[in-house]
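Taken in order, these protein sequences are the chains called F and G. If you're matching positions, the first sequence starts at 1 in the UniProt record's numbering and goes up one per residue. If you're matching positions, the second sequence starts at 1 in the UniProt record's numbering and goes up one per residue.
If you are wondering where the hints come from, they were derived from the structure by calculation, not from laboratory data. Fair warning: this is a prediction, and the values are worked out from it, not measured in the lab. Please note: incorrect hints may appear among the correct ones.
If chains are identical, the list can't say which one is meant, so a pair holds when it fits in one copy or spans any two.
To be verified - Dumping the calculated DSSO-like pairs for lysine-lysine here, alpha-carbon to alpha-carbon at most 27 Å:
#1 352 <-> 125
#2 146 <-> 334
#3 352 <-> 328
#4 334 <-> 96
#5 322 <-> 146
#6 186 <-> 218
Protein chains: 2
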Amino acid sequence: MEDGAGKGLECQKIMDGKANDNVNDSDKAIIPSCCLKARASNTELEAKCHATVVSGWFSEPESCSGKASKRVYFNNPMWPGEAHSMKVEKILYKDKSEYQEILVFESSTYGKVLVLDGIVQLTEKDECVYQEMITHLPLCSIQSPKTVLVVGGGDGGVLREISRHNTVERIDICEIDKMVIDVSKKFFPELAIGFEDPRVQLHIGDAVEFLRNVPEGKYDAIIVDSSDPVGPAQELVEKPFFETIARALRPGGVLCNMAESMWLHTHLIQDMISICRETFKGSVHYAWANVPTYPSGVIGFVICSTEGPPVDFMHPINPIEKVEGAFKYRRELKFYNSEIHTAAFALPSFVKREVMLLRDSPTPAQQICVS
Amino acid sequence: MEDGAGKGLECQKIMDGKANDNVNDSDKAIIPSCCLKARASNTELEAKCHATVVSGWFSEPESCSGKASKRVYFNNPMWPGEAHSMKVEKILYKDKSEYQEILVFESSTYGKVLVLDGIVQLTEKDECVYQEMITHLPLCSIQSPKTVLVVGGGDGGVLREISRHNTVERIDICEIDKMVIDVSKKFFPELAIGFEDPRVQLHIGDAVEFLRNVPEGKYDAIIVDSSDPVGPAQELVEKPFFETIARALRPGGVLCNMAESMWLHTHLIQDMISICRETFKGSVHYAWANVPTYPSGVIGFVICSTEGPPVDFMHPINPIEKVEGAFKYRRELKFYNSEIHTAAFALPSFVKREVMLLRDSPTPAQQICVS
Numbered sequence: 001m002e003d004g005a006g007k008g009l010e011c012q013k014i015m016d017g018k019a020n021d022n023v024n025d026s027d028k029a030i031i032p033s034c035c036l037k038a039r040a041s042n043t044e045l046e047a048k049c050h051a052t053v054v055s056g057w058f059s060e061p062e063s064c065s066g067k068a069s070k071r072v073y074f075n076n077p078m079w080p081g082e083a084h085s086m087k088v089e090k091i092l093y094k095d096k097s098e099y100q101e102i103l104v105f106e107s108s109t110y111g112k113v114l115v116l117d118g119i120v121q122l123t124e125k126d127e128c129v130y131q132e133m134i135t136h137l138p139l140c141s142i143q144s145p146k147t148v149l150v151v152g153g154g155d156g157g158v159l160r161e162i163s164r165h166n167t168v169e170r171i172d173i174c175e176i177d178k179m180v181i182d183v184s185k186k187f188f189p190e191l192a193i194g195f196e197d198p199r200v201q202l203h204i205g206d207a208v209e210f211l212r213n214v215p216e217g218k219y220d221a222i223i224v225d226s227s228d229p230v231g232p233a234q235e236l237v238e239k240p241f242f243e244t245i246a247r248a249l250r251p252g253g254v255l256c257n258m259a260e261s262m263w264l265h266t267h268l269i270q271d272m273i274s275i276c277r278e279t280f281k282g283s284v285h286y287a288w289a290n291v292p293t294y295p296s297g298v299i300g301f302v303i304c305s306t307e308g309p310p311v312d313f314m315h316p317i318n319p320i321e322k323v324e325g326a327f328k329y330r331r332e333l334k335f336y337n338s339e340i341h342t343a344a345f346a347l348p349s350f351v352k353r354e355v356m357l358l359r360d361s362p363t364p365a366q367q368i369c370v371s
Numbered sequence: 001m002e003d004g005a006g007k008g009l010e011c012q013k014i015m016d017g018k019a020n021d022n023v024n025d026s027d028k029a030i031i032p033s034c035c036l037k038a039r040a041s042n043t044e045l046e047a048k049c050h051a052t053v054v055s056g057w058f059s060e061p062e063s064c065s066g067k068a069s070k071r072v073y074f075n076n077p078m079w080p081g082e083a084h085s086m087k088v089e090k091i092l093y094k095d096k097s098e099y100q101e102i103l104v105f106e107s108s109t110y111g112k113v114l115v116l117d118g119i120v121q122l123t124e125k126d127e128c129v130y131q132e133m134i135t136h137l138p139l140c141s142i143q144s145p146k147t148v149l150v151v152g153g154g155d156g157g158v159l160r161e162i163s164r165h166n167t168v169e170r171i172d173i174c175e176i177d178k179m180v181i182d183v184s185k186k187f188f189p190e191l192a193i194g195f196e197d198p199r200v201q202l203h204i205g206d207a208v209e210f211l212r213n214v215p216e217g218k219y220d221a222i223i224v225d226s227s228d229p230v231g232p233a234q235e236l237v238e239k240p241f242f243e244t245i246a247r248a249l250r251p252g253g254v255l256c257n258m259a260e261s262m263w264l265h266t267h268l269i270q271d272m273i274s275i276c277r278e279t280f281k282g283s284v285h286y287a288w289a290n291v292p293t294y295p296s297g298v299i300g301f302v303i304c305s306t307e308g309p310p311v312d313f314m315h316p317i318n319p320i321e322k323v324e325g326a327f328k329y330r331r332e333l334k335f336y337n338s339e340i341h342t343a344a345f346a347l348p349s350f351v352k353r354e355v356m357l358l359r360d361s362p363t364p365a366q367q368i369c370v371s
């Protein structure tokens with residue numbers, strides 16, 4: 001490595017199973033010369049960085065717990081054959097928690113980025129889409145939500161969004177990995193601000209276990225903000241989990257669950273819709289939104305209600321425009337509005353064909369309107 | 001290079017300014033050893049392929065006409081700091097036309113891919129979104145379209161979509177680069193099938209020149225399917241071009257124009273909306289759709305009508321479900337339907353803020369509905 005090669009730009013081998021800096025050590029990064037080349041914007045023919053940061057660029061590799069030495073270049077099993085890459089300005093943090101590898105870097109155009117087990121969870125530029133949609137799709141669909149549970153969501157962004165709803169009296173959050181919360185508080189204050197709301201009750205632990213001990217019918221809404229269903233989140237797409245969710249919701253209570261990409265995971269979506277139709281006796285729908293830094297540029301949501309007062313997800317009874325103070329709460333809304341809410345349920349023709357259970361919902365074309 | 005290293009997998013230095021295979025020579029590819037490594041799915045630390053195919057992966061580089069030796073690794077000026085990569089199974093074609101570099105490769109999960117000047121134009125998997133949206137947004141918004149002009153669109157996909165409309169009597173297409181048409185006919189028969197419609201009249205040449213000679217008010221609809229506004233397509237986002245378009249449209253005729261990403265190019269969108277508002281005296285709107293292989297996973301459209309019978313783009317007067325035979329025409333519709341049409345006009349809150357001219361259209365949230 002050349003002396004002084006890295007001035008003003010930090011990059012280092014990451015997630016190689018050896019790195020173990022803590023939050024306060026993040027400035028001691030090693031600077032390989034390849035990063036300099038990237039900075040100089042020259043053609044890069046010999047990339048000697050680690051696979052996840054090729055010449056100063058981050059790319060999503062395969063999920064890699066325990067197999068650091070055999071990691072595949074790109075080719076995540078959840079989205080084989082493609083990768084999205086971001087230019088890395090500086091690696092801010094990396095460590096291994098009890099559950100996953102955690103990486104934070106400053107990108108050149110998407111702001112700070114949070115990565116778990118090699119998979120981008122959020123960027124400062126586009127986190128608004130996921131946080132706002134997964135929260136307001138359910139909470140704007142019921143009148144005066146009072147009790148809400150978040151499963152996962154350790155970055156705090158969903159809490160921030162729930163806090164806009166002034167009818168809410170109690171927000172429980174059950175996150176398994178405390179390190180995610182600590183990292184968010186340090187590097188993503190605009191998200192972690194959600195933890196400052198006095199209505200928030202934090203529970204560190206396993207959500208399956210937590211839900212077993214919840215009184216029946218306790219919640220008006222449950223939001224499952226989990227990572228992809230590999231590793232610790234596997235249980236969260238299985239039937240027993242949805243049954244405990246349904247049990248914890250009041251009659252006519254609502255669930256919104258992260259549900260992957262319609263371009264890549266129609267089989268998984270079909271399975272989730274199928275399980276939810278069996279479990280939730282109210283309505284079950286699929287909605288989607290465009291998130292640039294997620295695979296295929298899209299994220300989906302399964303949204304359900306339990307038997308009870310009917311819930312019309314597509315015509316929200318509690319529109320955000322009528323929630324007092326919602327627009328100004330700590331940070332303005334960036335993506336969500338009531339038009340976007342309704343539009344999110346419009347499904348491409350191939351989705352209706354491939355996910356057979358969605359064919360009859362929402363109903364035919366002439367029944368959508370905007371003006 | 002190792003002997004016999006490339007059996008069963010072809011990859012080669014591409015777009016280096018020297019390559020000059022023609023369509024029939026595509027099998028004579030050179031196979032560098034790095035591609036083999038990618039195939040074996042091992043961590044790739046020393047990528048020795050050309051910058052656009054790193055270890056058997058294609059990534060979008062900067063637009064590179066005439067500057068092959070100084071190409072930037074990733075970092076396209078239209079979307080700096082990020083890149084989408086696809087695994088390359090086989091390079092099928094590469095050549096330089098009079099106007100641009102043309103590359104076709106077989107990807108591992110998106111089917112065949114067409115690349116112009118290093119920028120992905122379409123993949124077999126997701127071309128449906130762009131072709132269907134740019135065509136049916138305008139054609140379903142007017143009653144009985146008869147005469148249609150396509151600017152660009154040499155792959156034929158837009159022609160295929162226009163052909164679904166049985167009221168259409170004449171389809172003119174003005175494409176500047178004949179090589180794109182030839183390549184599409186060879187490698188993308190599902191798109192190029194559009195050229196087989198007897199209503200199609202092909203004009204090879206410059207669209208600005210073509211439009212100058214068009215009788216005033218000739219067309220019911222004009223679709224501008226151009227590449228990004230750098231290089232040959234630069235003129236197509238400037239005022240004089242839109243004025244010739246408006247002149248060529250009948251009163252109440254419609255234009256649909258490719259209009260980039262709302263995440264990356266709000267300044268460009270603002271400029272286009274501004275020019276169109278000055279030029280088109282009917283309505284001017286912005287719509288978007290999710291395309292996984294385009295930057296930020298999204299593509300936008302500016303859609304306008306000239307002064308005359310009012311056009312309500314959001315409530316199509318000619319819904320696709322009522323166009324006889326539209327669903328079955330040569331290939332089923334994969335993305336577009338009337339729900340998607342209307343939903344495409346729902347704009348995220350940040351877009352309304354950043355593109356000031358879009359604030360008042362469409363009108364507020366409570367006026368969208370789906371059921």
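These are the hints, each one checked on the structure:
Proximity of residue 352 and residue 125 under a CA criterion of 27 Å is satisfied inter-copy only: 16 Å between copies versus 31 Å inside one chain copy. Taking the shortest Cα distances, residue 146 and residue 334 sit within 27 Å of each other inside one copy (24 Å), while across copies they are farther apart (41 Å). For the homomeric pair residue 352 and residue 328, the shortest alpha-carbon distance between copies (16 Å) is at most 27 Å, but the shortest distance inside one copy (37 Å) is not. For the identical chains of this complex, residue 334 and residue 96 are neighbours neither inside a copy (32 Å) nor across copies (43 Å), given an alpha-carbon limit of 27 Å.
Taking the closest pair of Cα atoms, residue 322 and residue 146 come within 27 Å of each other only inside a single copy of the chain (16 Å); across copies the shortest separation is 45 Å, beyond that limit. When the C-alpha separation of residue 186 and residue 218 is checked against a cutoff of 27 Å, the pair qualifies neither within a copy, at 32 Å, nor between copies, at 62 Å.
Violated hints for the displayed structure, listed by number in ascending order: 4 and 6.
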